[in-house]
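Asker: Since the structure of chain A is provided, determine the placement of chain B on it from the hints.
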Amino acid sequence: MSRDLSAILARHQHDPLRLVQILRDVVEEHGFISPGTITTLAERLSLPRGRVEGVAGFYAFFPTENAGRYRVLFSDNITDRMAGSVELRQRMLEAFQVRDGEVSRDGLVSIGTTSCTGLCDQGPAMLVNGRAIPRLTRARIGSISAMIHGQAPLDTWPANLFDIHTHIERKDLLLSTPLAAGAAIDAAIARGPDATVAQVKASNLRGRGGAGFTTGVKWEMCRAAPGEAHYVVCNADEGEPGTFKDRVLLSDYADLVFEGMTVAAFAVGAKRGFLYLRAEYPFLLAPLEATLAERRKAGLLGKSIRGVADFDFDIEIHVGAGAYVCGEESALIESLEGKRGIPRNRPPYPVTSGYLQQPTVVNNVETLAKAAFVVMHGADWLRVRGTGRSAGTKVLSVSGDVARPGIYELPFGATVREVLDLCGATDVQAVQVGGPSGMLLSRSEQHRRIMFEDVPSAGAFMVFDDSRDILQVLENFASFFAHESCGFCTPCRVGTALQRRMLSALAKGYGTRRDLKDLARVAKVMKASSHCGLGATAGNAALDALEKFKPAFEKRLGTLEVMPTFDLDRSLAPAREVTGRDDDEAHLSHEEEE
Amino acid sequence: MAIVTLTIDGLAVSGRDDETLLSIARQHGVEIPTLCHLDGLTDVGACRLCLLEVEGSTRLLPACTAKPVEGMVVHTSTPKLQRYRRMIIEMLASEGNHHCAVCVSHEHCELQRLAGSVGLQSVRVPYLYPDKKLDATHPLFVMDHNRCVLCTRCVRVCHEVEGAHTWDVGFRGIKSEIVAGLRVPWGDVESCTSCGKCVSVCPTGALFAKGATVAAMEKRTAFVKYLVTARRSKEWVGDILEEGDE
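Line by line, the protein sequences are chains A and B.
Residue numbers are given in our numbering: position 402 of the first sequence equals residue 402, and the series is strictly consecutive.
Residue numbers are given in our numbering: position 95 of the second sequence equals residue 1095, and the series is strictly consecutive.
Be a bit skeptical, because a hint or two may be false.
[As the list claims (entries may be wrong)] Derived lysine-lysine pairs resembling BS3-like cross-links, with alpha carbons at most 25 Å apart:
| id | chain 1 | residue 1 | chain 2 | residue 2 |
| --- | --- | --- | --- | --- |
| 1 | A | 517 | B | 1080 |
| 2 | A | 555 | A | 508 |
| 3 | A | 527 | B | 1225 |
[What the hints assert, rightly or not] If the Cβ cut is set under 8 Å, some of the chain B residues that face chain A in the computed set are:
| id | residue |
| --- | --- |
| 4 | 1026 |
| 5 | 1065 |
| 6 | 1087 |
| 7 | 1092 |
| 8 | 1094 |
| 9 | 1095 |
| 10 | 1166 |
| 11 | 1173 |
[Said to hold, decoys possible] Computed footprint of chain A on chain B; a stretch qualifies when at least three of its residues, placed anywhere within it, have a C-beta under 8 Å from a C-beta of chain A:
| id | region |
| --- | --- |
| 12 | 1123-1136 |
| 13 | 1184-1191 |
What the hints contain is simulated information worked out from the structure, not anything from laboratory work.
For glycine and all other residues, C-beta sits at the position ideal for the given N, C-alpha and C.
Bound-form chain B, shown alone:
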């Protein structure tokens, strides 16, 4: 491990070379939009919202998985990146069936917040209106695939933190779907411990508690970092209950 210095949006910063660019940027107060990232979980770079421009490279790099290199010059919010981010949010809107006004996560939804932050008024690409299912077989929770953005936070928290590995990704391409069982309903899957971690980390209203009504489903995500830090470094930092409300 070494300390490297780099430039982020004109700001000279330094960080460890085993940290991600996202982590370094955030430590220095530079905000980068994310969706699949969640503090405490392994990063995957799937949603592509945190893409950065790096001078001298034609490729855009996802901040959540890219590592810093000495002398790197990084831009986090160029007009090109802003255009791409908006388009990626439009794509997420197009591939699901998102109806905010009647959603349990209305006004507590990360996708909704992101759309607002890029000033999304209308979606310029055609809606794909996929035929998606809703699984309400679990006694406590519901999975509504119509609202899923395939960030895989539920898959990761279930595997990495709960250790149950009930969820995984099934099929591929536009047919990809979070699965507990192929044609096996969630409620019948033995490995599920009903811990509810997946529900808490889900950024949208795809996973929610039964009984939640419109706009009632507030998610708390800070517990993941709390638990993971506690396990890894035996440090109990942060308030597990308060931090969830951003």
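Looking at chain A on its own, in the form it has when it is part of the complex:
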């Protein structure tokens, strides 16, 4: 084992900054990270053992115990559940006689769940040893189970099992403008870095990852910040459940994204760039590397790009390891530095003190793609679409109860109704815009508009029709946040766990009026006092629902003012089974409890 580790460490130049990448390779080769491996890695990298352990335990895709030769993780977004993932997982658990999240006795397989894998337009989806399989059906589960039983190596499984589709349903500015590779770079060089920044500023391009910070201002601040080196980071850690537009951009428009990164590097004076790719998209890695290689060959990356002395820039792909919080820019930088993804205290912001404490621009995939065209075609290219404070278009990932799930690019200002009509949604009860951290809209809010001024969106657009139970949706969101909280600050660490507990009780019908108040109180404290955006938004959906879907809660409330959060009579069922009794005396009713 030690020899394998040596090879892995050599591949990564014994660089402690690459600890996350090193651990990924360890898991790839050994299946999990053992205590002995942690000790060896700590010694060889000259890191405190606790540091390595902390990182190993932080990321969802780093098992620290044997997870079986086949580690099966079902994507557990609400859209996967709506498409039948729970039943499929149950079938598989039964087929292998294994309990949820546990390893089979023979060490063959473990079956569990993971946060949304970004295949909501072709769910239910799963990951097997990190490889994504979409469009699960009973038949697919049957053949996957058979291959696991037969211990067929993953490389021998039918290739079509792993086919990922890109459903682009509506193109607008971004998706229909052609790019000749290098054209945006040439335009930037012709104009010079200051004028390039000014142009992006003039376009009023705002970050498409959710926060909506003005991109040109970010670049300007980074350019002006003193430092030994500047960095450009493309945030492709698309973890918000229901969002998959960056996956499509990176699969069909990779050249454009890299072009945007290169232009950003020219503008801020960066020599190195990183693309932080979420671990759930391993199928993008090889094509992205191939695109990078082509661009190097074409002189669009590397030394003296386009013959400009001093314009040296190259891009490395850094793959995440299953942590939603790493989508927050300072947590992403921590992860790039090989650490736990804990958001930093800000200020200082990454533009002045980012990667290795140097000035760093972190932009979303879609933002960088748009920046390339702004630099190429001018500020007005973007402003012909959209509204005053929301220039241009937004690429939406539409999923849930719709006839045509997929990617829809629409001008900012489009109404929710317009989107629903385009994607073929009927009997719509609710729409979750921007994912669980975004806004839950009721049926009476379809006039509302997707734009920073009204309903901002990082891209997710999940539709729920009248047949869906809003409380189950909320419970799913609450589980997501509890699973993804980094645990650093009290309100988010405990608040997300409490919220999950409360919503689960409410959804099962054990809630009381008092629980509704407590739920709102917890959500508000999280919103106001958390360290970062994860905790600040984790209670949004519950707060929206308490206001807009009150009947859904009230229908489910228990009759008592205070109720136990469990069903005492049901808890006695195992005892009844053992004793073979089912008479009245063996039951407890609520009347008796009182």
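Answerer: Just chain B now, with coordinates in the frame of chain A:
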């Protein structure tokens, strides 16, 4: 570095712009409750008890990490902040298994004192009753995770002052845990120097000396500031033994 003037709870004060709001407030006699903060250690802003309201900002700022800005108007104890602080203490109570009456730190515990200061009589959120372990493998000390509030003072003192970096934070979310080793007991970890600094700075009864009985574990924390000041500025200020008893 510059001197800035600001208002804290109606009081006009001044301070250096590289100091924290907590430090400036305390210099002017304004008390703000803290838990993860400890004089001498790097501040992290994790517990969120020291949150402040700043006029013109919708965000609440942790006093221990926030820096002053000229003209800032700060409130440290509005009814809203008091409500949030109480709730955060309730959350800490809910996530651990705290039984004061039988705890080694009974009546010397910072969490207990904080709960008393906000008049906490009952916890309104459900208890999570986590399944936590106790590690008594070290010859001198015990780590009882049931009483840990994840303030990370032990992690910081071990790294910053002792230089051993035995402790770190493992896992994430509600499963976060102070770790010396994943499934490696504390007593088997080679880097530990048995200096006991972590035990001294722990605000609760999570880290304690073997042999301590109920209410017997008094912590002394002043040595951290004493040591750090001595190292940084070669100044030996304060009485290392007396100051610990607050």
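Asker: Work down the list of hints and note, for each, if the structure agrees.
Answerer: Taking the hints in turn, this is what the structure says about them:
For the hint pairing residue 517 of chain A with residue 1080 of chain B, the CA-to-CA distance comes to about 16 Å; that is within 25 Å, so the pair holds. Only pairs whose Cα atoms come within 25 Å are accepted, and residue 555 of chain A paired with residue 508 of chain A is accepted, the gap being roughly 11 Å. For a cut-off of 25 Å, the pair hint linking residue 527 of chain A to residue 1225 of chain B is broken: about 34 Å separates their Cα positions. With its C-beta approaching chain A no nearer than about 19 Å, residue 1026 of chain B sits outside the 8 Å limit, and its interface hint is violated.
Contact between residue 1065 of chain B and chain A, as hinted, is supported at the beta carbon level, the nearest pair being about 5 Å apart and thus within 8 Å. Look at residue 1087 of chain B: its Cβ gets to within about 5 Å of chain A, closer than 8 Å, so that hint holds up. Interface hint at residue 1092 of chain B: satisfied, since its Cβ lies 6 Å from the closest Cβ of chain A, which is below the 8 Å cut-off. The interface hint given for residue 1094 of chain B holds, since its Cβ lies 6 Å from the closest Cβ of chain A, which is under the 8 Å cut-off.
A least Cβ separation of about 5 Å between residue 1095 of chain B and chain A falls short of the 8 Å threshold, and the interface hint therefore holds. Nearest Cβ of chain A to the Cβ of residue 1166 of chain B: about 6 Å, under the 8 Å cut. The hint holds. About 4 Å separates the beta-carbon of residue 1173 of chain B from the nearest beta-carbon of chain A, less than 8 Å, and the hint is met. Note: the region 1123-1136 of chain B has 4 residues with beta-carbon separation from chain A under 8 Å; the three-residue rule is met and the coverage holds.
Chain A is given as covering the region 1184-1191 of chain B, and this holds because 3 residues of the stretch bring a CB closer than 8 Å to a CB of that chain, at least three being needed.
Violated hints, in rising order: 3 and 4; the structure is consistent with all others.
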